[in-house]
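*Asks:* Protein chains in written order, with the UniProt record's numbering: chain G, 1 to 247; chain U, 1 to 180.
No lab work stands behind these hints: they were computed from the structure. Treat the hints loosely; a few may be bogus.
On the chain U side, residues computed to face chain G include the following (Cβ under 10 Å) [unchecked claim]:
| no. | residue |
| --- | --- |
| 1 | Gly91 |
| 2 | Val93 |
| 3 | Ala95 |
| 4 | Leu96 |
| 5 | Pro119 |
| 6 | Asn123 |
| 7 | Lys133 |
| 8 | Val134 |
| 9 | Pro136 |
| 10 | His138 |
| 11 | Glu139 |
| 12 | Ile143 |
| 13 | Tyr145 |
| 14 | Gln175 |
| 15 | His178 |
| 16 | Asp180 |
Chain U residues, not near chain G, derived (Cβ > 12 Å throughout) [stated by the list, open to error]:
| no. | residue |
| --- | --- |
| 17 | Leu34 |
| 18 | Arg75 |
| 19 | Ile127 |
| 20 | Ala166 |
Source: prediction; values computed, not measured. Beta carbons are placed, not taken as given, at the ideal position from N, Cα and C, and that holds for glycine.
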Amino acid sequence: MQPEEQTITLDGQKIPFQPGQTIMDAALAAKIYIPHLCYHPEFKPHGSCRLCTVMVNGRYESACTMPAAAGQEILNNTKELNENRRALTQMLFVEGNHICPGCPKTGNCQLQAVAYYVGMLSSHYQHFYPYRDLDPSHPDYVIDFNRCILCELCVRASRDVDKKNIFAISGRGIKAHLIINSPSGKLEDTDFAVGDKAAFVCPVGAILRKRTRYTTPIGERLYDQQSIRIVGDSQQLHAGATKYGRK
Amino acid sequence: MAANKIRVATTSLAGCFGCHMSFLDIDERLLELLEHIEFDRTPLTDIKHCGPCDIGLIEGGVCNAENVHVLKEFRKNCKILIAMGACAFNGGVPALRNHYSLKECLEESYLNGVGVVNPLIPNDPEIPLLLNKVHPIHEIVKIDYFLPGCPPSGDAIWTFLNELLAGQEISLPYQAIHYD
Numbered sequence: 001m002q003p004e005e006q007t008i009t010l011d012g013q014k015i016p017f018q019p020g021q022t023i024m025d026a027a028l029a030a031k032i033y034i035p036h037l038c039y040h041p042e043f044k045p046h047g048s049c050r051l052c053t054v055m056v057n058g059r060y061e062s063a064c065t066m067p068a069a070a071g072q073e074i075l076n077n078t079k080e081l082n083e084n085r086r087a088l089t090q091m092l093f094v095e096g097n098h099i100c101p102g103c104p105k106t107g108n109c110q111l112q113a114v115a116y117y118v119g120m121l122s123s124h125y126q127h128f129y130p131y132r133d134l135d136p137s138h139p140d141y142v143i144d145f146n147r148c149i150l151c152e153l154c155v156r157a158s159r160d161v162d163k164k165n166i167f168a169i170s171g172r173g174i175k176a177h178l179i180i181n182s183p184s185g186k187l188e189d190t191d192f193a194v195g196d197k198a199a200f201v202c203p204v205g206a207i208l209r210k211r212t213r214y215t216t217p218i219g220e221r222l223y224d225q226q227s228i229r230i231v232g233d234s235q236q237l238h239a240g241a242t243k244y245g246r247k
Numbered sequence: 001m002a003a004n005k006i007r008v009a010t011t012s013l014a015g016c017f018g019c020h021m022s023f024l025d026i027d028e029r030l031l032e033l034l035e036h037i038e039f040d041r042t043p044l045t046d047i048k049h050c051g052p053c054d055i056g057l058i059e060g061g062v063c064n065a066e067n068v069h070v071l072k073e074f075r076k077n078c079k080i081l082i083a084m085g086a087c088a089f090n091g092g093v094p095a096l097r098n099h100y101s102l103k104e105c106l107e108e109s110y111l112n113g114v115g116v117v118n119p120l121i122p123n124d125p126e127i128p129l130l131l132n133k134v135h136p137i138h139e140i141v142k143i144d145y146f147l148p149g150c151p152p153s154g155d156a157i158w159t160f161l162n163e164l165l166a167g168q169e170i171s172l173p174y175q176a177i178h179y180d
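Make a model of the complete structure from these sequences and hints.
*Replies:* Spelled out as structure tokens, the structure:
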């Protein structure tokens, strides 16, 4: 006998889930968008960006780490939650140096796409304009630390898939920053390579392939015409795709 | 001065005038717009100081002392102040100099840069003093509306102004809001 299908209720809609799935997994399977930046279905969830925060039975939980359980009443696309998400996105913008007109990732950037989704029209807070370096040492990739949002996807991809341990987050709180594990601290002195998973997972313009960055004109890029709610994450499309000039 | 017309002032602070060029991209609709508005201070009229206005459109961030004075003059005189474009929004490309000290910037531009002849840092009293950092305008004065884009398209500016003039809630299509 088939066990009865278990469901959660997301914004009033009943959706099924498999045992072991998180709320995010179940929502994605049901094609329901929950905003996120540090989540990627191929990696262990991290729960750090807090954009996927939903209300589960009256409590705030991150959808990417919270296991789905039968009978959960979940609120996702509400005014209050989206306003919180907008404030978080604005904080991410002012904490780094995100100058979209000067970034090759513009139009394909998930931070930008989430900001469009939550209706961010200004950065609201005072900008930090931190001093962060650029590492162009690698022959095929450039690392722009100005745009790093500490999602740790490159850390997870390098460690768990590439088995290389090239990236890490060092420091705490506002001093947390991405570092590269080599004696010089430069990417050229690591075994980072073009085919690495870590080369495809950056949701923003912090890890960029050289010489391929303007192959798709601005205005024709992934998020220029359609919302991330509809077209999904850019980094998953990039893995093995040619459309966005990545391979 | 027609009493029933909406008075509009515009200025470009630390910007490239791209937003003003985009404003002109509303093309012949500008004539239609002029039936409802009249310009106060703007590069189009060459009026040097802003009088009492209904709407002020600000392009660019704030990079020098004069920008601060102009922005405060606009805030004092305009009922509704609008940040137009990426530089007003977060400093934009001029804010890329925020990585460096002002001294480093001036030395690179006027003393050590490629092809510099007669190296000398300009020091004429008529030149506005540069601020240490470039700032978005919301850090200086209260802003009522933001229209991002580098630049926002002529259509976006047209729709924005029309809905504002009609007293409607402003709602632009997804494609009209972009940061690049």
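*Asks:* Against this structure, judge whether each hint is valid.
*Replies:* Status of the hints after comparison with the structure:
{"no.": "1", "hint": "Gly91", "verdict": "7 Å, holds"}
{"no.": "2", "hint": "Val93", "verdict": "6 Å, holds"}
{"no.": "3", "hint": "Ala95", "verdict": "6 Å, holds"}
{"no.": "4", "hint": "Leu96", "verdict": "6 Å, holds"}
{"no.": "5", "hint": "Pro119", "verdict": "26 Å, violated"}
{"no.": "6", "hint": "Asn123", "verdict": "26 Å, violated"}
{"no.": "7", "hint": "Lys133", "verdict": "6 Å, holds"}
{"no.": "8", "hint": "Val134", "verdict": "8 Å, holds"}
{"no.": "9", "hint": "Pro136", "verdict": "7 Å, holds"}
{"no.": "10", "hint": "His138", "verdict": "6 Å, holds"}
{"no.": "11", "hint": "Glu139", "verdict": "6 Å, holds"}
{"no.": "12", "hint": "Ile143", "verdict": "7 Å, holds"}
{"no.": "13", "hint": "Tyr145", "verdict": "8 Å, holds"}
{"no.": "14", "hint": "Gln175", "verdict": "6 Å, holds"}
{"no.": "15", "hint": "His178", "verdict": "7 Å, holds"}
{"no.": "16", "hint": "Asp180", "verdict": "4 Å, holds"}
{"no.": "17", "hint": "Leu34", "verdict": "27 Å, holds"}
{"no.": "18", "hint": "Arg75", "verdict": "16 Å, holds"}
{"no.": "19", "hint": "Ile127", "verdict": "24 Å, holds"}
{"no.": "20", "hint": "Ala166", "verdict": "19 Å, holds"}
Checked against the numbered hints above, the structure breaks hints 5, 6 and satisfies the rest.
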